[in-house]
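Read off the chains here:
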Amino acid sequence: MISRILVLTFTLLFTTAHASPVQQTKGDFVDKFRQLEEILPTPNRYRSASGEPGRDYWQQEVDYKITAVLDESNRHLSASQQISYTNNSPETLKYLWLQLEQNRFKADSMAEMSGDFAGIGRRGPGTKSNNGDAPAGISFGELRRQQYYADNEPGYEISGVRDSNNKPLPNIVVGAQMRIDLPSPLKPGQTTLIKMDYQFNILEEDAVSARAGYEHFPDDAREGGNDIFLLAQWFPRVAAYSDYEAWHNKEFLGRGEFTLEFGDYDVSLTVPDDHIVAATGVLQNPKNVLSKQQRQRLVTAQNAPRPVFIVTAEEALEKEKTASASSQTWRFEAKNVRDFAWSSSRKFMWDAKGHQQGGEDQPLVMAMSFFPKEGGDLWAKYSTESVIHTMDVYSRYSFDYPYPVAQSVNGPVGGMEYPMITFNGPRTTWHEDGTRTYTQAEKRFLIGVVIHEIGHIYFPMIVNSDERQWTWMDEGLNSFLDGVAGREWDPMIPWGVEPRDVVDYMKSTVQVPIMTQSDSVLRLGPNAYTKPAVALNILREVVMGRELFDFAFKEYAQRWKYKRPTPSDFFRTMEEASGVDLDWFWHGWFYTTDHVDISLDKVSELRLDTKDPDIDYARRRTEEADKPSSLFLDRNKADGSVLWIDKNADISDFYDKNDRFTVTNKERNKYQQMLADLEPWERIALERAVKEDKHYYVLEFSNLGGLVMPILLQLTYENGEVEDRYIPAEIWRRAPHQVKKLIVTDNKLSSVTVDAGWETADVNVHNNHYPRKIIPSRIDAYKAKKSKDLVRRDIMHDMTTELKEPKIKPNKK
Amino acid sequence: MFMPKFFHLTCIVVVAIYAGNAESHEQKTSVTVLLAHENTSSLQISHRFNLHDAEHALNELFGSKSDIISDLDTQRLFSLYVQEHFALRMTNQLPIKVNFVGHEVEGNFFWVYQEASIPPSIPQLEIFSDALQSVWKRQTNLVNVEGLGPLQSLRFTINSGWKTILLKPL
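Protein chains in written order, with the numbering used here: chain B, 1 to 813; chain P, 1001 to 1170.
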């Protein structure tokens, strides 16, 4: 009878766990494994169901020929450009849309007009509204910004928009965008030529945070100082036109970055003739702009073991002292790039080292850095080497670096990426004695930011995702990979993002899903960088394993090299190439704000009945004897109370000698009959199970955070052995809230821990242990540590220290 | 006669304790956790800042030559700054004294620790957090309040001023 009840109970566990997957509007079932096809766009001839470019995939081509003149003293750029637009789409286009990012800084731009005083939408310095007892205020930075705008007129001045026959074309400027009406509809396969002239005042980057602009160095030897110019978003650029969105004419608001079409660039840049120019592309006229010695140094650098200075510190310092009145033109060509950026200054040192990566596409890549004395040794030691390390690592996970140069330029921008060229901000610190040093944090920052920005040349400069729409597609993938590269540089430096770093964000109640358009994200850092990078890290290390993940990730990169992927192409490729159903993962991590909190609620120990009454009844007797004795009886005994049976020992019967666990032949006969009725294979199975006498445990888990994940078990046995076991996330498929797992072990368990290595971003480690452990809070742990540290102080000596006024040190950039 | 044709597991020990109730870049974000120990009036406060953010912010704020990893004075300065830019108060704007516990560098982060005592049955808590917001407009400080009922989060941007969380449902 007992057996029947227990059997019933055990069966119930499984029946209650089963619910209909269609009952999603009734009851509490949540289909965590619902297939993403319902959300993703329908595959078509342009984008296949496998995540590959479809058989009729197309993208536009836009080629530019630009001549630009930098007016250094007025910080002004004037240029003419010819755009060659090839319509590879199946549609006929009556007009082109262009992005005019410089207009974002005009007073009447959407970004400026919609700016919330003291709001969060805008990059740059802050304002603060009055609130309670605190007055409204603006920071010095904001004051500088406003004064800059009062004194300067930002934005494009565009003229002479015309066709190839110099016939004016109708156009309209709409904020930071422009529509040009074509002289005749541009049919599929046709190319049109458009010419225009434009000019603008170059922004002061430190005043307005524009991702580009000039930086002034007033302390240089030259009277009036010098500038570094970083030019990006510096020409009217044709917006992307895609199969899934048509014109990507979402105006630049300052946060959501960019995407353009691939094309070839021929750019001539006229600058003061003592400037050094770094730009997207390959210099076409080195004999005109470089000395013979510089050209020889470049050749030497191709096979040098360490970076070779093309312009040395001394040469750059000498140039800082004066300024040339004449100019010269640097001409660059870049093939198959989605943008063009450049920088120019007489302050630049320039070092280079050839990266001999081999392969057929681009066996030699010149890694180069351009930096002023303010970058100093920090840059000389680590910038170019970091560029090479990045290519070395990223290429293993994607494709060979396909361009002839990879450059890192120091200027006022903290970190920004363009094809073949990146802007990176870390600097040394000047001291009164004239020396320059840098902190450990600044060194990490330099190496980290160079890796990150050079990494962006792969994602999204080559794997051309739309940054403005899906920031995570470039920042998330790139943050994941820069963590891989950083850990290969020096694992002692805390690189990248560990799952534990994102738990406070993921459990917070103020967040939006990763799949949110860039300009609408509430906290861009955790949303677009950290969380997706952690997600990919978990996918690689926990869910898929490195072999499957790396293959699929590389497949994605190679499929979309020089093409325009969307999130669905990434999701589909990762699944299709790995053979792992990841819809639950994409849905949970990218489309919801659920977090991971798996609680191990209960562990029950079970034992297999042998059915042999001589064995099972004896076990029951032992179990009964092992139970705690009755407090009542213990106290009676302690009081000296004598039992009736002891006082009347002469009265006894059969039951005084045979307890309720005594086995009779009735049970033995039943057992033997049961054995006789078994099929031969059943008898063998029973005999083996009885002989092995394994330990059976039922573990009960709750999913408190909503995000289903694999359950990483660490089993610790009484004999001290430790074993890791993996329960796939699929255990939650039909029971998203609670699941039970039977585990069978050879040895007796002493404890069980879920995610002992903190690999899944589980937000609550307290409920991961069974039995529960006392886990000190961060502050309690700190206090315990600190109390030891304090003992080391020599307080008797330190008490004699005299109080001093702090010294005010002169400050110089 | 009942004769099972399969073998079942008999539960011999049920340990019935349920615990179910229980950028290489300047990131320009911080996380503060207010953790209340159950059944006590003690509130532990830990502030987490990215190291690069902290060092660059100090340079912006004080024009100093900061070294957040190695220089103890830099650490003290930033710690003081964080303490000055965080505050708690009760209803009627009665301030809650927040005591400094310590600070440390761990991994990529600079941590500042504080403690406060709160009356056991206050209906709401007012929080202020504006560290680094005068430096970078984009600075966002996330505050998670844990252990006082369900987790509650507050997001402090430059416009936020004081924010209130209700500790008991009205």
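Mixed in with the good hints there might be a few duds.
As the list claims (entries may be wrong) - Simulated coverage check for chain P against chain B, where a stretch passes if three residues somewhere in it have a Cβ under 8 angstroms from a Cβ of chain B:
id: 1; stretch: 1079-1092
id: 2; stretch: 1095-1107
id: 3; stretch: 1143-1157
Note that these hints are calculated values from the structure, not bench results. Predicted, not measured: the structure shown is a model, and the values here were computed from it. Backbone N, C-alpha and C define an ideal beta-carbon position, used for all residues, glycine too.
Consistency of the hints with the structure:
1. Figure legend: the stretch 1079-1092 of chain P, annotated as covered by chain B; annotation inconsistent (0 residues with Cβ-Cβ distances under 8 angstroms, at least 3 required).
2. Chain B is given as covering the stretch 1095-1107 of chain P, and this holds because 4 residues of the stretch bring a CB closer than 8 angstroms to a CB of that chain, at least three being needed.
3. As drawn, the stretch 1143-1157 of chain P meets chain B at 7 residues by the rule of a beta-carbon pair under 8 angstroms; at three or more, the given contact holds.
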